[in-house]
Amino acid sequence: MVGSSERLDAVPRQLASPAGLALRDLGVVYRTRSGTIEALRDVTFDIRPGEFVSLLGPSGCGKSTLLKIVAGLIAASSGAVRLDGREVHGPSEQIGVAFQKPTLFPWRTVLGNVLMPADTLGWDLKRAEGRARELLALVGLDAFAGNYPNELSGGMQQRVGLARMLLRDPALLLMDEPFAALDAMTREALTLELQRIWMKDRKSVLFITHSIQEAVFLSDRVLVMSARPGRIIEDFVIDLPRPRSLDTMTMPEFSDACRLLRRHFLE
Amino acid sequence: MRRLTDLLYPAITLLVVIVAWHVLVVQLEVPAYILPTPYSVAQALYAGFADGTIWRHIGYTVWATAIGFFIGSVLALILGALLAESAVFEQFVYPLLVGIQAIPKVALAPLILVWFGFGIASKVVLVVLICFFPLFVNTIVGIKRVDPDLIDASRAFYASRWYVFRYVKIPSAAGDIFAGLQIGISLALIGTVVGELVSSEAGLGYLIGASAVNLNISMMFAGVVLLAVIGVAATQLIRWLHRRIVFWESSGASDSRTVV
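Residue numbers (the numbering used here), protein chains in the order written: chain A, 1 to 267; chain B, 1 to 260.
Quick caveat, the hints were computed from the structure, so don't treat them as lab data.
One thing to keep in mind: the hints can contain errors.
Stated by the list, open to error - Here are the simulated distance ranges between beta carbons:
#1 A:Arg33 x B:Pro95: 19 to 29 Å
#2 A:Gly130 x B:Gln236: 38 to 48 Å
#3 A:Ala184 x B:Ala66: 50 to 60 Å
#4 A:Gly130 x B:Gly99: 48 to 58 Å
#5 A:Gly130 x B:Leu237: 38 to 48 Å
What the hints assert, rightly or not - Which residues of chain B face chain A? A few of them, derived with a C-beta cut under 10 Å, are:
#6 Asp149
#7 Leu150
#8 Asp152
#9 Arg155
#10 Phe157
#11 Tyr158
#12 Ser160
#13 Ser172
#14 Ala174
#15 Val246
#16 Glu249
Glycine is no exception: its CB is placed at the ideal position from the N, C-alpha and C atoms.
I would like the entire structure built from these sequences, with the hints used as guidance.
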């Protein structure tokens with residue numbers, strides 16, 4: 001429902017401080033007709049406030065399931081998720097999510113899509129519009145506010161998704177392979193852009209990917225997940241200086257990190 | 001923007017058919033009580049408009065169709081949405097409704113006339129019954145096949161169940177809903193005419209039936225021509241609304257989609 005104006009002041013004036021995330025013994029078991037499938041087992045890790053953490057794993061290892069649990073979209077079979085010490089039992093106002101598909105409403109303009117997270121909470125859209133336009137400028141789409149998603153390229157649609165994720169100034173960002181469906185060049189450009197956006201206010205990030213280079217380039221830490229049932233099998237600190245650039249990718253430390261991570265996927 | 005040829009080419013075909021009709025009737029000396037010439041059909045039409053009698057029939061048919069179509073569509077949308085959203089409702093009601101759907105509704109026409117009289121009410125009821133199901137089924141199908149990722153995305157941003165229904169599912173289903181309306185409007189006109197043919201006091205179906213008794217074949221054709229005009233106009237109106245409202249779907253796919 002739109003239009004309730006009681007929450008005029010709900011549009012954040014100050015940046016929310018990044019939140020810490022804690023996962024404890026998370027397990028997911030699906031029941032199917034042919035028996036049970038264990039998707040996740042004993043997943044335990046922390047993300048410190050302001051930390052950029054990538055979760056790297058092969059397809060089907062349950063990393064998207066993990067993200068959906070943190071986003072509050074599905075419930076875990078066991079274990080707990082805590083955001084700043086409070087347990088997560090459903091979608092949270094403090095979390096922003098970006099998906100592999102742009103998942104934009106084709107019947108709304110770019111601006112309308114970026115405003116969606118304010119709309120669902122009944123915020124005054126006129127007040128939130130200023131922030132939405134700032135974010136569109138941040139992702140380089142200020143000229144496209146009035147366009148519809150099907151008039152945009154795949155890369156531009158993903159940028160809209162990033163702006164939408166940031167609208168409520170969430171304390172934790174969840175990204176599920178947001179660049180996986182893009183061509184290599186667009187992907188590289190958006191990776192650089194994401195780092196720039198992140199360095200602006202250093203929110204906590206859980207970034208899911210199956211690209212080793214992407215994970216190393218963006219992250220403070222890379223968690224490696226095993227094939228099903230998904231477990232964390234490595235917690236790898238990336239110590240490269242920031243801001244990282246395309247030159248970073250040619251540094252020996254960069255290729256070392258990539259090589260060390262890659263050996264998990266060669267068995 | 002439609003090109004002129006889109007209208008011109010079918011018009012040429014229509015003209016050729018009319019000329020061939022005329023030539024054949026004259027050449028083969030077909031008697032007027034079997035097949036009149038296009039000219040005498042036009043004359044019958046003109047006479048009807050000139051003395052004003054035909055307006056009453058047009059008004060009756062259009063009114064019964066419009067009211068019945070409106071009520072039937074509103075019911076189909078409400079029940080379809082309820083059913084798509086409620087598992088309990090689906091379990092209790094859906095099998096029955098599917099069973100009813102299998103009945104050819106026009107077979108109910110005599111019964112409905114007995115119950116609702118020979119006036120316009122019986123035609124409206126028949127139209128409601130007949131145009132309900134295509135839209136009902138399309139509404140359910142449309143709502144159920146909403147992209148689940150779109151629902152996840154809105155839920156992740158704290159969307160309530162109502163928000164998801166109103167701002168995600170309904171717009172997603174709009175294309176299917178319009179396809180249902182498209183089928184519904186042509187069935188609605190059939191319903192009205194069947195009701196009027198069975199028994200009525202006015203309407204184009206009544207006009208056709210009454211003219212048959214008098215062997216006034218020209219007037220029968222005139223009635224059919226008017227029904228064709230009404231049918232085409234109503235279909236085009238829905239198609240136009242479809243394109244305007246569901247603007248984000250490619251216009252090519254929207255016309256041909258039929259789910260029932």
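Quick rundown of the hints versus the structure:
1. A:Arg33 x B:Pro95: 19 to 29 Å: 23 Å, holds
2. A:Gly130 x B:Gln236: 38 to 48 Å: This hint holds: roughly 43 Å between Cβ atoms.
3. A:Ala184 x B:Ala66: 50 to 60 Å: Holds, since A:Ala184 and B:Ala66 (Cβ atoms, about 57 Å apart) stay within the stated range.
4. A:Gly130 x B:Gly99: 48 to 58 Å: The hint (48 to 58 Å, Cβ to Cβ) holds, given that A:Gly130 and B:Gly99 are roughly 56 Å apart.
5. A:Gly130 x B:Leu237: 38 to 48 Å: Cβ of A:Gly130 to Cβ of B:Leu237: about 41 Å, so the range 38 to 48 Å holds.
6. Asp149: 5 Å, holds
7. Leu150: 5 Å, holds
8. Asp152: 6 Å, holds
9. Arg155: This hint holds: B:Arg155 lies near chain A, its Cβ roughly 6 Å from the closest one there, short of 10 Å.
10. Phe157: 4 Å, holds
11. Tyr158: 5 Å, holds
12. Ser160: With a minimum Cβ separation of about 7 Å from chain A (threshold 10 Å), the hint on B:Ser160 holds.
13. Ser172: It holds, given that the least Cβ distance between B:Ser172 and chain A is near 9 Å, below 10 Å.
14. Ala174: Nearest chain A Cβ about 8 Å off; hint holds.
15. Val246: At about 8 Å, which falls below the 10 Å cut-off, the nearest Cβ of chain A leaves the hint on B:Val246 intact, so it holds.
16. Glu249: 8 Å, holds
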